[in-house]
Structure formats: C-alpha cells, structure tokens
Amino acid sequence: MPGRTSSGYVIAGLVLAGACALAWALAAGDLPIGLGEVFDALFRGAEGMAADVVRELRLPRAVAVFVCGGLLALAGALMQVLLRNPLADPYVLGVSGGAAVGALAAMLAGASSWAVDGAAFGGALAAMLVVFGLAHGDGSWTQTRLLLTGVIVAAGCGAAVTLMLSLATDTRLQSMLFWLMGDASGASRPWPALAVLGAGLVVVLPFARDLNVLARGEATATALGVRVQRLRYLLYVLASLLTAAAVTLVGSVGFVGLIVPHVVRFAIGNDQRLLLPAALLAGGTLLTFADTAARTVMAPVQLPVGVLTALIGVPVFLFLLSRNPR
Amino acid sequence: MASTDSSLVLLEADRLALQVGERWLCCEFSLRLAAGECLVLLGPNGAGKTTLLHTLAGLRAPTVGSVRLGGRPYADWDSLAAARFRGLLAQQQPDHFSASVLQTTLIGRHPHLGRWGWESAEDVAVAQAALTEVGLAELAGRDVLSLSGGERQRVSIATLLTQAPRLFLLDEPTNHLDLHYQIAVLELFARLRRQGHGIVMVLHDINLATRFADHVILLDGKGGVLAGTRDDVLQPDHLSRAFEHPIRRLDVDGRTLFIPD
Chain B
1 MPGRTSSGYV
11 IAGLVLAGAC
21 ALAWALAAGD
31 LPIGLGEVFD
41 ALFRGAEGMA
51 ADVVRELRLP
61 RAVAVFVCGG
71 LLALAGALMQ
81 VLLRNPLADP
91 YVLGVSGGAA
101 VGALAAMLAG
111 ASSWAVDGAA
121 FGGALAAMLV
131 VFGLAHGDGS
141 WTQTRLLLTG
151 VIVAAGCGAA
161 VTLMLSLATD
171 TRLQSMLFWL
181 MGDASGASRP
191 WPALAVLGAG
201 LVVVLPFARD
211 LNVLARGEAT
221 ATALGVRVQR
231 LRYLLYVLAS
241 LLTAAAVTLV
251 GSVGFVGLIV
261 PHVVRFAIGN
271 DQRLLLPAAL
281 LAGGTLLTFA
291 DTAARTVMAP
301 VQLPVGVLTA
311 LIGVPVFLFL
321 LSRNPR
Chain E
1 MASTDSSLVL
11 LEADRLALQV
21 GERWLCCEFS
31 LRLAAGECLV
41 LLGPNGAGKT
51 TLLHTLAGLR
61 APTVGSVRLG
71 GRPYADWDSL
81 AAARFRGLLA
91 QQQPDHFSAS
101 VLQTTLIGRH
111 PHLGRWGWES
121 AEDVAVAQAA
131 LTEVGLAELA
141 GRDVLSLSGG
151 ERQRVSIATL
161 LTQAPRLFLL
171 DEPTNHLDLH
181 YQIAVLELFA
191 RLRRQGHGIV
201 MVLHDINLAT
211 RFADHVILLD
221 GKGGVLAGTR
231 DDVLQPDHLS
241 RAFEHPIRRL
251 DVDGRTLFIP
261 D
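Note that the protein sequences, when read in sequence, are chains B and E. So in UniProt numbering, the last one in the first sequence is 326, and the numbering has no gaps at all. So in UniProt numbering, the last one in the second sequence is 261, and the numbering has no gaps at all.
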C-alpha cells in the first residue's frame with residue numbers, strides 16, 4: 001500500500017508533468033512562442049500578438065483538453081469501480097450516446113454552438129436518467145443489469161445518430177462528423193467543465209477508501225460499514241456528470257477513459273485514494289500532449305486527437321501489460 | 001441458547017422468520033448468542049443458511065421478527081461502529097483488480113480509520129499478524145489475482161481478523177481449504193471463542209459441526225427449523241430428515257461421526 005508520503009511524490013510528479021504538457025501546448029504551434037513570452041502573457045499581462053494568441057486561442061484550448069482528459073480518466077476509474085469490470089469506460093453506460101443524440105439534433109435544427117453544448121449536456125443527462133430508471137426497475141440494481149441497460153441505451157443512441165447523419169445536408173454533415181470524432185479546436189469555454197472536474201474530485205475523495213472496500217464485494221463492504229447503495233448511486237451520478245461535461249466540451253474522445261486508469265493502476269496500484277487524483281492528472285497530461293502533437297506534427301494538417309491518444313497509449317499499455325506478469 | 005449474564009449477549013434474534021420471493025425459509029424462532037459461544041447453521045443446499053447469516057449480520061431486514069446486535073437493533077447502530085462489533089466472512093470473494101495480499105488484508109481496518117485516515121504502522125502490524133495466523137505471512141507482497149482459491153479464502157479470513165470484531169459471522173469458512181487448513185482455521189476461531197468472541201458459522205460438514213459447535217440451527221429447506229444445543233440437534237433422525245438422506249451415527253474412539261448411508 002502506498003504510504004501517504006510516497007503518494008505525495010507521485011502526485012507532485014504528475015502535477016509537474018501536467019505543467020510541462022500545458023507549457024508545451026501554450027508555446028507550440030504555427031507561431032512558435034518562447035516560454036518566457038508565455039509566462040509574461042499569462043502572469044504579467046503582456047500586450048501584443050503573441051500574448052493574445054496565448055491568452056485567447058491556446059489557453060482555452062489547452063485547458064479544455066487537459067480538463068477533458070482529466071474528466072474522462074476520472075470517470076473511467078469510477079465506472080471501473082462501480083461496475084467492478086476492468087473493461088468499463090465512461091461511455092459504456094450510454095452517456096456519450098445521449099450527448100451525441102442531443103448535439104446532432106441541435107445541429108440538424110441549425111442551432112448555435114451554445115445551444116449545441118446545452119443539447120449535448122441535456123442529452124447526456126437524459127441518457128443517464130433513462131439508464132438509471134430502467135436499471136433500477138425492480139430495485140435490484142445489479143452490475144449486470146446496469147451494464148446491459150447502459151449498453152442497450154447506447155446502441156439505441158447509436159442508431160439515432162446514424163439516422164440523423166443520413167438525414168443531414170452535406171454542409172452540416174462535416175461539422176456533425178467532427179463533433180462525433182472529438183474536436184478540441186472549437187472548445188473555447190473550458191471553465192464550467194473545469195469547475196465540474198474540481199467539484200467531482202472534492203466530492204469523491206472523502207469516499208476513496210470506501211471504494212477500496214467496495215472492490216471486496218457488496219456483502220463484505222456492507223459488513224465493513226460502507227453504505228453500499230448510497231455509494232453506488234453517488235458513483236453512478238458522478239461518473240455520468242463528469243462524462244457529460246467532457247463530451248459536451250470536446251466530444252467523444254475515445255481511449256483515455258479506459259486506458260489511463262489501467263496504466264496508473266499498473267504503476268501505483270489500486271488504492272483509490274491515490275489512483276483517482278493520479279488518473280485525473282495523467283489523463284489531462286496525456287490528452288494535452290496528444291492534442292498539441294495532433295495540431296503540430298503534421299501542421300497545417302490537424303489530426304483527430306483520439307487517433308494520437310490511441311497511437312501513444314496502445315504501445316504503452318501493451319508494454320506495461322507484458323512487464324507485469326505478477 | 002441461555003446465557004445467565006445478559007450483558008454478554010452479542011446477538012439475539014426474536015421470533016425470526018425469513019421469506020424470499022414466495023418461499024418461507026424458516027418459521028418463527030429465536031436465538032441468543034453469548035460471548036464465548038459458537039453457533040453452527042446446518043442445512044441442505046438452498047435452505048437459506050446464507051440468507052439467515054446475512055440477516056443476522058444486518059445486511060437484510062427480517063421479514064418477521066427482529067435482530068439485535070449487542071442488545072440494540074441494527075437501525076440504532078452507526079454502520080462503522082457495527083463493523084467494529086461484528087464481522088462477516090462472505091461466501092464469494094470477488095477479485096477483479098490486482099492488489100497485494102497485504103493491501104487487501106488492510107481493507108479490514110476500514111471501520112477503525114477516520115474519513116481521512118491512512119493506515120498506520122500499527123494497522124500494518126495487525127494485518128501482518130492476521131496473515132501469520134492463516135499461514136500467509138510469506139505471501140504478503142503477492143498479487144491476490146495470482147493466488148489459488150484456498151489462499152484467497154485465507155486472505156479473506158485474514159481481512160476479517162484484521163477487522164477485529166467481537167462477533168464473527170462466517171459463511172462456509174472452510175470453503176476451498178485443504179484438510180489441514182480446514183482444521184487450522186476452525187481451531188483459530190475456537191481459540192477466539194475461548195477468548196470471549198462469538199462465532200456464528202455456516203458449515204456443510206456435519207462432523208466439523210460436531211467438533212466445534214455449542215449450538216446448532218438445522219434448516220430443512222421447507223421452512224422447518226430445529227434450534228438447540230449440539231447434542232440435541234445433531235441426531236441421526238433429525239439430520240436424515242433435513243438432508244433427505246439416511247445418515248448414520250458412529251462412535252469411534254470416543255468421537256462421534258455421522259456418515260451418509
């Protein structure tokens with residue numbers, strides 16, 4: 001079990017890595033800007049084009065991507081605990097499907113970007129409530145029932161998305177496909193999602209040891225004094241809200257929510273008190289690096305960020321998997 | 001199950017009856033378990049032993065009647081305080097994510113730590129002592145996912161010992177264990193019983209029940225319950241009726257054995 005001190009070092013190291021990722025994201029691009037200028041733009045209120053690029057263009061995008069990665073990794077870690085299934089990811093219960101249905105319906109109706117964001121978040125919440133209500137049906141709320149309900153609702157959302165894509169005009173189709181792939185270039189309002197991320201961490205951390213106990217099974221956890229049903233409701237609502245915020249912000253970026261919790265677990269173990277904040281920081285860092293690389297390596301071509309997270313993540317994950325026969 | 005000193009009563013059930021779906025598992029009966037006593041629940045598959053044990057552990061409410069832990073109904077207990085008083089060894093021990101044996105065992109300290117508490121050196125010492133008790137001290141650093149079924153069962157028992165409750169509720173503690181560890185584990189709980197702990201356990205082996213029980217509750221799976229002292233309940237005719245199989249009693253070298261005909 002990682003002690004408190006060594007946990008502190010892990011978190012400090014990840015904060016440093018996150019700061020490096022953000023610094024690179026602010027400095028790199030078509031207009032290379034030195035780190036000194038970035039610092040001046042952020043903290044000394046410097047004037048000029050470089051400062052405007054940093055503050056108006058790169059900072060919102062870098063924060064949006066970091067927050068999105070953190071939200072997805074944290075939501076993925078929580079879903080894996082809730083469903084006690086290593087294959088669970090933030091999208092498995094249909095939240096992203098609901099968001100996609102909402103966003104695409106708004107786009108089909110020609111709504112503004114604010115309305116699209118609102119519709120995406122509303123769709124995600126609707127999917128969350130539908131899955132919750134259906135899975136709760138007979139009061140049992142078992143993992144299998146929850147998982148099956150979520151998968152079916154996600155499948156229904158997928159059909160609705162396909163239907164809307166086939167009905168869309170060519171001009172709208174482009175932006176709809178971009179939304180579905182996950183598009184950070186339009187993310188100019190990251191601050192509400194950042195608040196959701198901070199609030200989520202503050203809410204879940206006091207229950208982190210309860211989550212460790214929950215991994216021992218429902219009966220054992222109850223006998224150890226954990227109020228299992230209340231905790232599972234909290235996990236479900238929280239993971240869904242985090243996912244909804246991430247999908248509304250950037251779209252359905254794949255991979256981060258599934259792989260980052262596993263990579264962190266390989267590295268530091270399954271103690272949720274350390275795993276949850278570490279996964280948040282690692283997810284944010286990974287997605288920030290990936291997004292910066294996605295918009296610079298083949299500039300002016302911008303690659304979809306999800307492709308790069310997979311290209312970086314898959315070999316790292318396979319390496320860790322083979323190194324850990326234990 | 002009489003005890004003269006009522007302050008030592010760890011667990012009481014009053015006119016208890018349990019219904020699952022349409023089926024009644026047991027008719028109204030009462031029990032009292034005092035400190036230093038061992039109660040064994042016996043019965044055929046599906047008779048409701050686990051349901052009864054979980055009801056006694058406060059995990060589910062009885063259909064009829066009441067359960068009191070240390071003289072108070074479960075509703076009056078803070079869940080963490082109850083966890084320091086009674087512990088449960090559940091039948092299924094799911095392990096889906098890797099964790100070291102020591103880390104898993106330390107989960108038993110949960111009810112002893114505050115909301116922001118972190119396991120101290122003393123907690124680690126308690127867990128290591130528990131692992132030594134079940135013969136797993138050498139494996140403290142191993143991943144639980146790499147252990148055999150019997151070793152995982154011993155990890156679960158060590159976790160329960162780390163929880164250090166006054167009353168132990170055990171669902172088939174000998175599950176997956178080889179003969180040596182079956183006896184070793186039951187001897188361990190017999191020792192705890194002599195130190196004033198209470199034991200309630202579900203067993204399948206009538207001969208182990210004969211050896212370790214003070215009191216026995218025999219469920220027949222059709223709602224019938226026979227509760228009493230070991231010698232009253234463990235009779236060939238009662239057992240044959242409950243298990244629907246002729247069971248014969250042998251007395252060998254001063255020990256009583258029950259064998260199926």
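Hint data in this document are derived by calculation from the structure and do not stem from the laboratory. One thing to keep in mind: the hints can contain errors.
[Said to hold, decoys possible] For each label pair, taking beta carbons as the anchor points, the in silico distance ranges come out as:
id, chain 1, residue 1, chain 2, residue 2, range
1, E, 135, B, 35, 55 to 63 Å
2, B, 87, E, 183, 34 to 42 Å
3, B, 307, E, 46, 33 to 41 Å
4, E, 64, B, 15, 53 to 61 Å
5, B, 86, E, 116, 23 to 31 Å
6, B, 320, E, 205, 56 to 64 Å
7, E, 64, B, 206, 54 to 62 Å
[Said to hold, decoys possible] Not everything, but these chain E residues come out facing chain B in the computed CB check (under 10 Å):
id, residue
8, 46
9, 50
10, 81
11, 115
12, 117
13, 160
14, 171
[Unchecked claim] Sample of chain E residues with no beta-carbon within 12 Å of chain B, all distances over it, derived:
id, residue
15, 31
16, 84
17, 89
18, 110
19, 133
Yeah, the Cβ is synthetic: ideal placement off N, Cα and C, and Gly gets one too.
Verification of the hints:
1. 135/E to 35/B: 55 to 63 Å: holds (58 Å)
2. 87/B to 183/E: 34 to 42 Å: holds (40 Å)
3. 307/B to 46/E: 33 to 41 Å: violated (53 Å)
4. 64/E to 15/B: 53 to 61 Å: holds (57 Å)
5. 86/B to 116/E: 23 to 31 Å: holds (28 Å)
6. 320/B to 205/E: 56 to 64 Å: violated (44 Å)
7. 64/E to 206/B: 54 to 62 Å: violated (38 Å)
8. 46: violated (18 Å)
9. 50: With Cβ-Cβ at 9 Å, under 10 Å, it holds.
10. 81: This interface hint holds because 8 Å falls under the 10 Å limit.
11. 115: With Cβ-Cβ at 6 Å, under 10 Å, it holds.
12. 117: holds (8 Å)
13. 160: holds (9 Å)
14. 171: holds (8 Å)
15. 31: holds (19 Å)
16. 84: violated (8 Å)
17. 89: Not fine: 8 Å to the nearest Cβ puts residue 89/E too close to chain B.
18. 110: At roughly 5 Å from the nearest Cβ of chain B, residue 110/E sits no farther out than 12 Å, so the non-interface label is violated.
19. 133: holds (19 Å)
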